[in-house]
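*Asks:* Chain by chain, the residues run as shown.
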Amino acid sequence: MAGAPLEAVRRVPLFAELDRHEVEQIARLFKERRFSEGETVVREASGGAAFFLIDSGEATVSVGGSERATLKAGDYFGEIALIDEGTRSATITAATELVCYGLTFWDFRPLVQGSGPIGWKLLQSMAKKLRAAEQTEHP
Amino acid sequence: MKEVVSLPKARDTAIFGSKAVGLGDAARAGLPVPPGVALSGSIVDAVASGEERAIAKVAKSVQRLQVPLAVRSSAVDEDGAEASFAGQHLTLLNVPSAGEVTSALKEIWWSANSDSAITYRQRVGLFTRPSIAVVIQTLLDPDVAGVMFTKNPMSGADERVIEASWGLGEAVVAGLVIPDHFRLDRSGQVLERKAGRKSIAIRSVASGGTVEEAVSAELVERLCLDDGQLADLGRLASRSEEIYGPARDIEWAIAGGTLYLLQCRAVTRAGT
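If you read the protein sequences in the order shown, they are chains A and B.
Going by this note's numbering, the first residue of the first sequence is number 1, and it counts up by one from there.
Going by this note's numbering, the first residue of the second sequence is number 140, and it counts up by one from there.
If you are wondering where the hints come from, they were derived from the structure by calculation, not from laboratory data.
For every residue, glycine included, the Cβ atom is placed at its ideal position computed from N, Cα and C.
Treat the hints loosely; a few may be bogus.
Here are the computed distance ranges between Cβ atoms for each label pair [said to hold, decoys possible]:
#  : chain 1 : residue 1 : chain 2 : residue 2 : range
1  : B       : Val-206   : A       : His-21    : 41 to 49 Å
2  : B       : Ala-334   : A       : Leu-111   : 54 to 62 Å
3  : B       : Lys-333   : A       : Ile-83    : 53 to 61 Å
4  : B       : Met-140   : A       : Leu-111   : 16 to 24 Å
5  : A       : Glu-85    : B       : Arg-192   : 27 to 35 Å
6  : A       : Lys-72    : B       : Glu-381   : 56 to 64 Å
7  : B       : Phe-266   : A       : Leu-111   : 13 to 21 Å
8  : B       : Arg-203   : A       : Leu-130   : 51 to 59 Å
9  : B       : Glu-239   : A       : His-21    : 30 to 38 Å
10 : B       : Gly-314   : A       : Glu-7     : 47 to 55 Å
Covered by chain A, according to a simulated footprint, are these stretches of chain B (three or more residues, beta-carbon under 8 Å) [claimed, not checked]:
#  : segment
11 : 185-197
12 : 247-258
13 : 261-274
Simulated coverage check for chain A against chain B, where a stretch passes if three residues somewhere in it have a Cβ under 8 Å from a Cβ of chain B [claimed, not checked]:
#  : segment
14 : 30-40
15 : 47-59
Based on the sequences and whatever the hints tell you, model everything.
*Replies:* Put into structure tokens, the structure is as follows:
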């Protein structure tokens with residue numbers, strides 16, 4: 001099947017409320033993207049319109065030039081850009097040959113706009129994320 | 140429509156983009172264009188999505204082309220904005236085999252969806268889904284290549300301006316050399332010949348991609364076009380204006396003694 005592996009998509013919290021059929025619809029929209037070692041995947045403060053799931057390889061996350069984390073297979077980044085068209089909050093650089101599955105804003109938006117149930121479940125996921133963030137800030 | 144057609148059949152810019160249709164116009168008019176195919180934006184999208192049927196269709200269509208291949212984006216965009224996206228959408232020179240076309244198409248699709256392309260789209264108020272058609276052609280191994288303006292783009296004078304260098308024309312387009320500079324009048328009479336400093340040439344390499352090669356010392360400042368070749372270019376300028384209209388910006392190459400048209404578009408910085 002074209003698209004990203006179903007199980008990898010299901011593990012993304014944003015999609016946690018979706019049923020199998022809905023996850024399948026989203027997984028089909030992903031496109032493979034390969035990066036060479038050292039290549040910049042996304043750049044901090046740049047506009048972004050794609051969400052990436054790492055299939056294989058490793059990538060480093062840096063903010064303001066200092067390295068913060070390493071990402072590996074199964075990790076993901078950029079999911080908020082799918083919704084708010086906002087700028088990137090970190091720079092991600094391929095530390096090895098990196099294979100990702102990417103989902104663009106353009107492919108994701110029509111699916112959500114055409115499906116009330118998917119939209120509602122995404123809203124629930126976002127609300128949970130917001131509540132968790134608030135509890136961290138004001139325990 | 141998920142279409143692949145030979146260049147002479149590329150007629151609709153909304154499907155194949157302006158670059159492909161421009162080459163289609165040239166091929167239909169009998170101008171010397173390297174053999175190639177045009178891919179619609181939707182089939183490029185399908186290949187990038189990993190659709191087996193689309194991948195097989197493209198693979199079959201490029202089998203007849205002599206390798207290596209040049210895979211170039213041909214943006215299908217609002218208001219024919221091809222020129223606006225120059226530098227945003229990828230061109231892959233020297234794809235060494237038909238089997239590697241799929242990954243080349245994926246790279247080109249993502250070049251239009253990269254963060255830098257998206258940022259650019261937001262900045263110019265074109266925040267819409269990009270549609271990327273593609274042209275795949277046999278990559279020439281030119282002795283000499285460059286650009287030609289059928290009207291002087293700086294002064295606006297009614298004369299041909301030619302800039303030329305050794306090897307692939309990307310050395311001229313990317314400003315990697317000081318190219319030889321020629322001016323011709325409309326009859327083909329040479330008005331000026333000025334040797335540049337062509338220290339490097341871009342050549343394709345067997346394993347794929349291109350390399351910058353040092354030019355031998357005796358060729359660095361030697362004119363790379365003779366009178367016969369300049370006459371051929373003068374005729375190509377006249378014929379291109381007949382087909383496309385006045386004030387054209389042409390990319391050309393000479394390989395194996397034959398002059399080829401690689402691209403023809405309107406001059407975007409015509410003088411007064």
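*Asks:* Can the segment 47-59 of chain A be counted as covered by chain B under the rule of three residues or more with Cβ-Cβ separation shorter than 8 Å?
*Replies:* With 4 residues in contact (Cβ-Cβ under 8 Å with chain B), the coverage given for the segment 47-59 of chain A holds.
*Asks:* For the pair Lys-72/A and Glu-381/B, does the Cβ-Cβ distance stay inside 56 to 64 Å?
*Replies:* 60 Å, holds
*Asks:* Kindly confirm whether 13 to 21 Å is satisfied by the beta carbon distance between Phe-266/B and Leu-111/A.
*Replies:* 18 Å, holds
*Asks:* Within the segment 261-274 of chain B, is the number of residues with a Cβ closer than 8 Å to a Cβ of chain A three or more?
*Replies:* holds (count 5)
*Asks:* Quick check on a hinted range of 30 to 38 Å for Glu-239/B and His-21/A, using CB atoms only.
*Replies:* 36 Å, holds
*Asks:* Is 51 to 59 Å right for how far apart the beta carbons of Arg-203/B and Leu-130/A are?
*Replies:* 56 Å, holds
*Asks:* Within 41 to 49 Å or not, the Cβ separation of Val-206/B and His-21/A?
*Replies:* 43 Å, holds
*Asks:* Can you let me know if the beta-carbon spacing of Met-140/B and Leu-111/A is within 16 to 24 Å?
*Replies:* Hint holds: Cβ distance 22 Å, inside 16 to 24 Å.
*Asks:* Within 47 to 55 Å: is that where the Cβ-Cβ distance between Gly-314/B and Glu-7/A falls?
*Replies:* Because 49 Å falls inside the window, the suggested range holds.
*Asks:* For the segment 185-197 of chain B, do at least 3 residues have a Cβ located nearer than 8 Å to some Cβ of chain A?
*Replies:* holds (count 5)
*Asks:* For the segment 30-40 of chain A, count the residues whose Cβ lies under 8 Å from any Cβ of chain B; is that count three or more?
*Replies:* holds (count 4)
*Asks:* Do at least three Cβ atoms from the segment 247-258 of chain B come closer than 8 Å to Cβ atoms of chain A?
*Replies:* Our answer is that it holds, as 7 residues pass the Cβ test (under 8 Å) against chain A, meeting three.
Violated hints are absent here; each numbered hint is respected by the structure.
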